[in-house]
Amino acid sequence: MKIIIKHFSYYVVAAMLFSTTLTSCKEDSIGEVDDIPGLGGIDWVKGPIDQWIKDSLVTPYNISAQYKWDQFEFGNITKNLVPPDETQVVPLLSTIKKAWTNPYVEEAGKVFYNKYSPKFFILSGSNEYNSEGSITLGTAEGGRKVILYGVNLFKIKGMTGYDPGRDSSFVKDWFLHTIHHEFGHILHQTVLYPVEYKNISKSYYQGGNWINWNDADARRDGFITAYSSSAFDEDFVEMIAMMLTEGKVGFDKLVDSIPEGTSSHGVTKAQAQAALRQKEAIIVAYYKNTWKIDFYSLQKRVRTSMNKLF
Amino acid sequence: MKRSFLYLLFLTTVFFSCENSDDKVFEESADVRLNAALASYEKQLVEAPYGWNAVVYPGGGGSYGFYFKFDNKNRVTMLSDFSDAAAAKSKESSYRLSALQTPVLVFDTYSYLHVLADPDEDVNNGVRGEGLKSDFEFSIFPDSVKTDVITLVGRKNQSRLVLTKASQAQATAYANGDMAKGLAFNNIAKYQPYFKRVTLGANTYEITVNQTTRSIKLTWLNGSTPKTFTTSYYFTPAGLAFVSPLVNGSQTITGFSNITWNATTTQVGLSGGGANGTIVSAIKPISVDLAAARRWWQSPIESGGDWRSATGFHVNGVDDAFKVADLKSGESIFAFYIYQPGASSRNDLFAPIFYDGKNIFLDYGHAPATPTFTADGRAIFTDAGRYGTLPTSGPAIESAKLLYDASGFYLIQTSDETYDMVSAKDAKSWITWQ
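First to last, the protein sequences are chains C and Z.
Using this note's numbering, you'd call the opening residue of the first sequence number 1 and step up by one each time.
Using this note's numbering, you'd call the opening residue of the second sequence number 1001 and step up by one each time.
In case anyone wonders, no lab produced these hints; they're calculated from the structure.
Check before you lean on any hint, since a few could be wrong.
Chain Z stretches covered by chain C per the calculated footprint, using a threshold of three residues with CB under 8 Å from any CB of chain C [said to hold, decoys possible]: (1) 1025-1032; (2) 1104-1111; (3) 1131-1139.
Dumping the calculated SDA-like pairs for lysine to any residue here, alpha-carbon to alpha-carbon at most 20 Å [said to hold, decoys possible]: (4) C:Lys308 - C:Gly247; (5) Z:Lys1156 - C:Ser131; (6) Z:Lys1156 - C:Asn130; (7) Z:Lys1043 - Z:Ser1167; (8) Z:Lys1043 - C:Ile42; (9) Z:Lys1091 - C:Asp50; (10) Z:Lys1043 - C:Val45; (11) C:Lys300 - C:Val105; (12) C:Lys202 - C:Ser264; (13) C:Lys46 - Z:Asn1262; (14) Z:Lys1190 - Z:Asn1262; (15) Z:Lys1024 - C:Ile36; (16) Z:Lys1165 - Z:Gln1044; (17) C:Lys248 - C:Ser203; (18) Z:Lys1156 - C:Glu73.
Cβ pair distances, simulated, as ranges [as the list claims (entries may be wrong)]: (19) C:Gly250 - Z:Ser1303: 53 to 61 Å; (20) Z:Val1046 - C:Gly250: 46 to 54 Å; (21) Z:Val1127 - C:Ala274: 54 to 62 Å; (22) C:Trp44 - Z:Pro1226: 51 to 59 Å; (23) C:Gly250 - Z:Ala1175: 35 to 43 Å; (24) Z:Lys1073 - C:Asn102: 26 to 34 Å.
C-beta atoms are modelled at their ideal positions from N, C-alpha and C, and glycine is treated no differently.
Next up, chain Z with everything else stripped away, as it sits in the complex (with noise of 0.2 Å):
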């Protein structure tokens, strides 16, 4: 039984090694398909008669707009809404279809995109050695390319990429550059006090613009009760559009459109929702978050930490305005202007710290009084003595008479950990507190 139990085992191996068929699952094997793969993608990208509307969402976050133009010498034609002249002069680099580990579209030389990605923080404002964690090499997976929407993946920041095939109208309106119109919205930064406004129909709304991060966020009244929405943008030559749609009721924004810039009267005007309106500027909040003011002051206490501030009071539309950077204290360079809620029983601190290479250390500075807070939401600093011996005059001495200011602060949270702090008087002054 054991025996020919073996027997029979032999006899399979036999038969086994006999076998000479070579199936395969597929017909064609990996590098023909591949090769035809790549083929398809770059067909598609040069037959695209009108070329690409682009969207690019780095890493770090935000989204960019670009038009792409493909030919069939390895050889793309870019806009970028990164910059007015990005998007009014058109730049030609290469790209190529390669075979990595998928395929990939790489941009092999220089172009705009690369903007995003240049690891010099000069470029892009990002961070140094990232930039903004863009990518110029991105894989294309099957399920990535469909006839009007190529969806891709950046291969080192995981940043995307989608393409949207544009029309004969917008290939025209690129070339006319509209696109650069668009970015007229830009000049939101030099309005002077902190709070702009909106009405668009029946509803008006705060708009509050991070242009670093290309980020947007509308502030409304429902009623009473304050509503906000937030959303990425980037520009197309129909305008500013956004990542997700703001619904609110039966007005819906996508974006805005024909924006315009008047110099003389310094304001943006737009369409969306349906409606024409124009940015102004507002003094004070549309909603006034009345628990701020307080609630800035407790964290540190309860935290045992401190409000600290790199650039000072922003006065007028200047950073810095006072120059607290250049403060020094004997050799010692300045480190940060510092507010220590409960500094002591009796009184706060509100003072430049200076670092002398190895601690950071405080010379001098002033102590208000705790804060008054208002029923309005405000928070109002008095004089109640000082720390070392001032100077008498300069940087510290002009940062405490704002802080003193009697119409006192509104204090707008922006982040879990920042807050900016906006004089009530005319909200063209205000320091970021973090």
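Next comes chain C alone, as it looks inside the complex (with noise of 0.2 Å):
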């Protein structure tokens, strides 16, 4: 029995050896690669649009945007979604150039800009419908990549059907909020924030919880937005965000409109006012000492620049 394994094996290592030679003798080359459809990307023949993109983002700052639909830039494509409307794909772009890449590169400077802004920015024309009966307003992936949502609802002075009550709040709560709020967390991941923010409201913070919220239950207990209380990192940009896109009068206006008496969870006013006051300093000091910053300059210039957008 023995024997006949070892007589066996031979043959086999033998057989082995004598195919392997000859199959060796056959050479393969990777040879002419054919063009392959997509690879590289869609292309198509460039229009107006992509010149001002190319002019105005991806030159100076090697930004791209892509207007054109392509399904799986989107995470969830089991949602239904439109491409934006070509009319709406500048006024929107500008827009954020104005009131967010033209304040940070004039107060911080374009390599400071150029490092950390996201590089790849996808826009759906619809918003993102979740089966909870929320609305999706925009989505960062790896600081690199910002999807923003609704672009064909977006109205600035200017463009037909613009109604100022209406839509002036809708860019600032919804695209620059948006885009403000990301572009924070990129910096936070860059470099954390001081351990005594997480501190200041630690007992407070809702989880998943907080879309049963709404905004001035959350100031009660000294967040700036619901969504602020869901975690340390959302509540420390969305700080970033209301403070910017506010500016510092509407800040604290709001800071100021808690009204007296405790919430439930048994804060008071002066707490939940101190406790976004000591946010703001600790985001401030972050911005100066981290950044080098100066986060007043930069939030006059935002506010600046949205007042002309409206």
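Got two chains here, separate frames each, mind docking them using the hints?
Printed below as a string of structure tokens:
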């Protein structure tokens, strides 16, 4: 028995060597590679919008903005979305440029901005509707890619059907808030904010339950928005987004608007206001110490540019 | 024996591994063939000299007419029958041919086509998050491409897009706004009475149009036997086209042409089946479903359910004419109007139902007697009491007053579980029960 196996294995080895030798005589080269359709991204005959994006975003800031539909740029392929209307693309991107890019570039310089800004903007014409009834405004992936939804609903001064009452807050709370929010994430993911920030409202964070709170209730607990109360990081970037898009005056007004009495979690008006002011102070110091940015000056630039849009 | 068999086995292995032939089933690689296919599809789209007539059949039902003109710079110009504006004014957007799992025609910036697919329900009266379940990415299959017809299937919602090569005359007609003229048919919604009829040649048809689902129902009498025919429709430069034609004896109707709207007489004129006609209103159905009223009353008793209406009565062209949706009970809001047959052994219940954020409840209401079912198919309601303390005036009182109208109501079954209850007095008031 043993012998047979032994013999057998000799043959196997011999045969293997034999066949290996022969096959290795066959020489394969990669040869000519065909033009693979879609390799290197989608391709089309460029038009004026593409030229604008190239001149205004790609060349100066190495930021690309994709407005043509590509399903696979969107995380959840089961959602029904539509691409942007071409007439919306330049107004939206130039608004973001004015109220986000320019203030940061003027305040912190092009090197800082080009190093940390997300590089891919993906635009969806419609909102993303979620099954529980909420709407997704924007998403960011890895500090590189930002998806903005609802582009077809965007309206600023000078566009047909612009209604200042409705549209100015829409653009502020929707697009500009989203982009400042996501950029805040990139900053703190690069250099974390001081740990004291997490202690300010430590016992009042809601986690996923934030969706059941409104902003006014959240403010009574010392959070600037309901979403702030979901997690430390969200609180931090919501503060940045709210302070920048509301401006100093608007932000002070929100803090002052907290009513007398105590919240359902037992936070008094004075405690809630103090919490918001401490968070503000830490953010201002964080911008100064970490990024050499004067936050109040940045805030002023953002608001000034926004005032021109609405 | 065994050993030689083994040698033989090795020998064959060796021969096989020596074989160096590279036979291909196809002469060219997959990529080359795919590129060629994409190029040929694009060429076909672009080289149709007068563009393409198109019909979209969304996954959610219905049918919509379009006109496409493609150029070789990834641009497409469109008209659509979705609205008067879209039928009259062309819009340019972009398209491309892409290789996904199959070759795909993608309309990659917003156009009239995307209006149907838009998940914003305000855009198309569809479902929030879904729209009308239409598409803007369409798979091309080898058998979908013929010289003059291209049939494509949507990738997400399986809607269908059928392109038919347009003639020079059609292209001119689109440019002249002929499709927009056909949309005058939509004025049929302005007729106040519920029932509309048109006589074409020897036949009189009752027309029931649902503009939301793009369906049209024709009812006629064959002797004394009622016949019905239902189809989807869309608009073309020639007028309104039926997705499937009606064949009624010697008359075949494929759609309506020469559509006109006379704002003075508020009447739609049209041609169809080789004859001209005018849509006129009627105060009763062309064929009364004599058993419908009793069936409507009986079915909730058997199933244990009730009839509900979200908007109350439509009167003289006004939805929710009595504004029942604005009713309140304390802080609680209006939920729906109810008709509960057999609420007690003596009477039914006709009342607004309120919602307090957790539960629905009855505050007050009318108690009609069991309706009288007349031999000509009407239900007549009479006052037999009340529930709770009725307000002295307002939507509930107005609604009951109309319900107790002595002429009574026809019950029109619109689906398995829905009825329209139409005033027999003038057919200008009705309520939809579901």
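Hints, verified against the model:
1. 1025-1032: Since three or more residues must qualify, the claim that chain C covers the region 1025-1032 of chain Z holds, with 3 doing so at under 8 Å.
2. 1104-1111: Satisfied; 5 residues make the cut.
3. 1131-1139: holds (count 4)
4. C:Lys308 - C:Gly247: Roughly 14 Å separates the two Cα atoms, so the pair holds.
5. Z:Lys1156 - C:Ser131: holds, 18 Å
6. Z:Lys1156 - C:Asn130: Given that 20 Å is the threshold and the Cα spacing comes to 17 Å, the pair holds.
7. Z:Lys1043 - Z:Ser1167: Measuring from Cα to Cα gives roughly 18 Å; hence the hint holds.
8. Z:Lys1043 - C:Ile42: holds, 18 Å
9. Z:Lys1091 - C:Asp50: holds, 19 Å
10. Z:Lys1043 - C:Val45: Measuring from Cα to Cα gives roughly 15 Å; hence the hint holds.
11. C:Lys300 - C:Val105: holds, 14 Å
12. C:Lys202 - C:Ser264: This hinted pair holds, its Cα atoms lying about 16 Å apart.
13. C:Lys46 - Z:Asn1262: At roughly 47 Å apart (the allowed maximum being 20 Å), Z:Asn1262 and C:Lys46 break the hint.
14. Z:Lys1190 - Z:Asn1262: With a Cα-Cα distance of about 12 Å, the restraint between Z:Lys1190 and Z:Asn1262 holds, given a limit of 20 Å.
15. Z:Lys1024 - C:Ile36: At roughly 19 Å apart (the allowed maximum being 20 Å), C:Ile36 and Z:Lys1024 satisfy the hint.
16. Z:Lys1165 - Z:Gln1044: holds, 10 Å
17. C:Lys248 - C:Ser203: violated, 27 Å
18. Z:Lys1156 - C:Glu73: Holds, because 15 Å separates the two Cα atoms, which is no more than 20 Å.
19. C:Gly250 - Z:Ser1303: 53 to 61 Å: holds, 57 Å
20. Z:Val1046 - C:Gly250: 46 to 54 Å: The hint (46 to 54 Å, Cβ to Cβ) holds, given that Z:Val1046 and C:Gly250 are roughly 53 Å apart.
21. Z:Val1127 - C:Ala274: 54 to 62 Å: The hinted range 54 to 62 Å is violated for Z:Val1127 and C:Ala274, with Cβ atoms some 47 Å apart.
22. C:Trp44 - Z:Pro1226: 51 to 59 Å: Taking Cβ atoms as reference, C:Trp44 and Z:Pro1226 lie about 56 Å apart, which means the hint holds.
23. C:Gly250 - Z:Ala1175: 35 to 43 Å: At 52 Å between Cβs, range violated.
24. Z:Lys1073 - C:Asn102: 26 to 34 Å: holds, 33 Å
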